[in-house]
Amino acid sequence: MAAEIVAEGVCYQYPQAADMALKDINLRIRKGEFVAIIGPNGSGKSTLAKLFNGLFVPTKGKVTVDGLDTRDRNNIWKIRQKAGMVFQNPDNQIVATMVEEDVAFGPENLGVPPEEIRKRVYEALEIVELTEFAQKPPHLLSGGQKQRVAIAGVIAMRPDYIILDEPTAMLDPVGRKEVINTVKRLNKEEGKTIVLITHFMEEAVQADRVIVMDKGRVVMMGTPREIFSQVEELKAIGLDVPQVTELAHRLRRWGLKVRGDILTIDEMVECLCPLL
Amino acid sequence: MREITIGQYIPGNSAIHRLDPRTKILITFAFMILLFVIDDFTGYVFPVAFIIAASILSGISVRYMVRGLRPLLVIILLTFILNLFLIKGRVIYEIGPLSITYEGLYQGTFMVLRLVLLIVGTSLLTLTTSPITLTDGIESLLKPFSKIGVPAHELAMMMTIALRFIPTLMEETDKIMKAQMARGADFSSGNIIKRAKSVVPILVPLFISAFRRADELAMAMESRCYRGGENRTRMKKLQMTWEDLAAFIATGVLAAGCLASRFLW
Chain L
1 MAAEIVAEGV CYQYPQAADM ALKDINLRIR KGEFVAIIGP NGSGKSTLAK LFNGLFVPTK
61 GKVTVDGLDT RDRNNIWKIR QKAGMVFQNP DNQIVATMVE EDVAFGPENL GVPPEEIRKR
121 VYEALEIVEL TEFAQKPPHL LSGGQKQRVA IAGVIAMRPD YIILDEPTAM LDPVGRKEVI
181 NTVKRLNKEE GKTIVLITHF MEEAVQADRV IVMDKGRVVM MGTPREIFSQ VEELKAIGLD
241 VPQVTELAHR LRRWGLKVRG DILTIDEMVE CLCPLL
Chain Z
1 MREITIGQYI PGNSAIHRLD PRTKILITFA FMILLFVIDD FTGYVFPVAF IIAASILSGI
61 SVRYMVRGLR PLLVIILLTF ILNLFLIKGR VIYEIGPLSI TYEGLYQGTF MVLRLVLLIV
121 GTSLLTLTTS PITLTDGIES LLKPFSKIGV PAHELAMMMT IALRFIPTLM EETDKIMKAQ
181 MARGADFSSG NIIKRAKSVV PILVPLFISA FRRADELAMA MESRCYRGGE NRTRMKKLQM
241 TWEDLAAFIA TGVLAAGCLA SRFLW
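Chains as they are written, first to last, in my numbering: chain L, 1 to 276; chain Z, 1 to 265.
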């Protein structure tokens with residue numbers, strides 16, 4: 001059984017919509033990878049995420065998770081256990097009135113025995129660093145903390161893949177950092193495969209691989225360095241590049257000899273110092 | 001608006017707080033029925049003693065519980081007055097066409113006492129049990145009836161979600177009100193009709209957002225493999241202890257007393 005999420009020739013059309021939201025998507029997300037999906041509003045990136053755990057079923061083509069076809073309704077709960085999903089609005093995905101009970105919701109649905117649930121809940125809370133909030137009502141937490149509760153709720157189901165659909169879009173910069181650091185730790189330390197949908201380029205830079213979507217199609221795919229060095233192409237579809245990359249691009253147009261694929265401030269410093 | 005609490009739960013860790021919610025629900029029911037068994041004043045000794053004992057054990061003063069009667073004062077007074085004037089018998093005092101009878105006074109006082117005990121007894125349940133525990137108790141008690149079509153799990157899930165979203169929707173109402181006020185809406189002046197009309201621009205966005213939230217929550221729940229109550233386990237198992245047994249024995253004594261007061265004396 002292949003340990004990966006595969007999309008083959010996937011098209012998706014919303015009911016009563018005239019156009020296809022996704023057109024002929026071919027993708028492969030390997031185990032252990034950290035993939036970022038970026039694209040302008042309406043490019044189909046959220047729709048694609050919902051196809052990965054069977055919330056939507058492709059109109060044409062097929063999506064398989066570890067070899068399980070999402071079109072087969074018998075697989076659906078297994079797929080959703082393997083591919084956990086975190087949504088944009090933290091308030092609308094927390095079910096219970098206490099943090100630990102919310103984290104327990106997933107494993108409870110899977111029919112895990114009570115003792116084992118308690119163990120998993122506290123492991124998950126430890127990973128997201130919220131153990132001391134276990135007994136608190138979620139509405140007293142900050143946005144970043146609530147989103148980490150949602151992540152813990154997914155971890156407690158022991159998934160291999162975690163799909164995050166713009167998890168930082170509604171957070172302040174502090175909350176955003178908390179969530180991204182948690183996501184990175186999940187990938188590096190827990191070995192979870194991460195699919196991060198975002199419109200913050202600084203977040204996409206941290207991934208192993210970036211997929212760019214526009215008008216329902218995958219238009220670019222590659223390492224952050226390969227993608228973000230194509231400043232003009234990204235701008236043409238209405239996307240930004242990280243600030244330093246933009247700066248490097250402009251300096252090059254001025255005739256300075258800096259690399260075009262600079263992604264971090266440190267790299268920029270290294271590049272500029274010899275020129276002084 | 002933020003201060004609204006449901007069920008007026010007072011957190012604590014007393015013997016009464018620790019009781020299994022099922023025990024408390026069942027005892028409250030028994031207590032209510034027993035109040036109707038009593039047919040003279042002497043019988044009230046037992047429920048009064050029961051309430052006082054429970055109050056001491058729970059650390060919630062009787063005075064606090066009686067304060068909870070205030071919103072129901074009108075109903076209590078009405079009960080008293082209607083009984084006072086409408087029951088025929090030996091006349092004590094006459095005011096115009098109305099007459100107070102001895103039987104009316106007796107019956108009125110008797111009914112008021114019953115009503116007060118009824119309210120105080122049930123409020124003891126909500127004061128010492130958090131809404132979420134209460135929900136778990138209700139689910140567990142209704143479970144045997146799910147075979148005859150009582151949606152026990154669904155009811156409990158709906159109550160949990162309602163409780164979860166009360167603070168969220170409160171916050172949202174606050175936000176919408178402020179947004180409308182910033183654009184010149186006036187919620188605090190004018191007559192009742194005018195004020196009622198001014199609520200519409202709050203309710204419409206609130207409802208739209210509540211539906212959107214419901215949609216997203218449903219998707220999030222499905223993503224976390226929610227498929228109803230079947231094969232679902234719970235992290236927290238309700239468990240009865242010797243304290244629950246003691247509570248049931250105390251209720252047994254109460255029941256014996258009430259029945260004796262009716263049928264033996």
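One thing to keep in mind: the hints can contain errors.
Calculated lysine-lysine pairs in the DSSO-like style (CA-CA distance at most 30 Å, straight line) [stated by the list, open to error]:
hint, chain 1, residue 1, chain 2, residue 2
1, L, K119, Z, K237
2, L, K82, L, K235
3, Z, K143, L, K119
No lab work stands behind these hints: they were computed from the structure.
Here's how the hints hold up against the structure:
{"no.": "1", "hint": "L:K119 <-> Z:K237", "result": "holds (15 Å)"}
{"no.": "2", "hint": "L:K82 <-> L:K235", "result": "violated (36 Å)"}
{"no.": "3", "hint": "Z:K143 <-> L:K119", "result": "holds (27 Å)"}
Violated hints amount to a single one, hint 2; each of the other numbered hints is respected by the structure.
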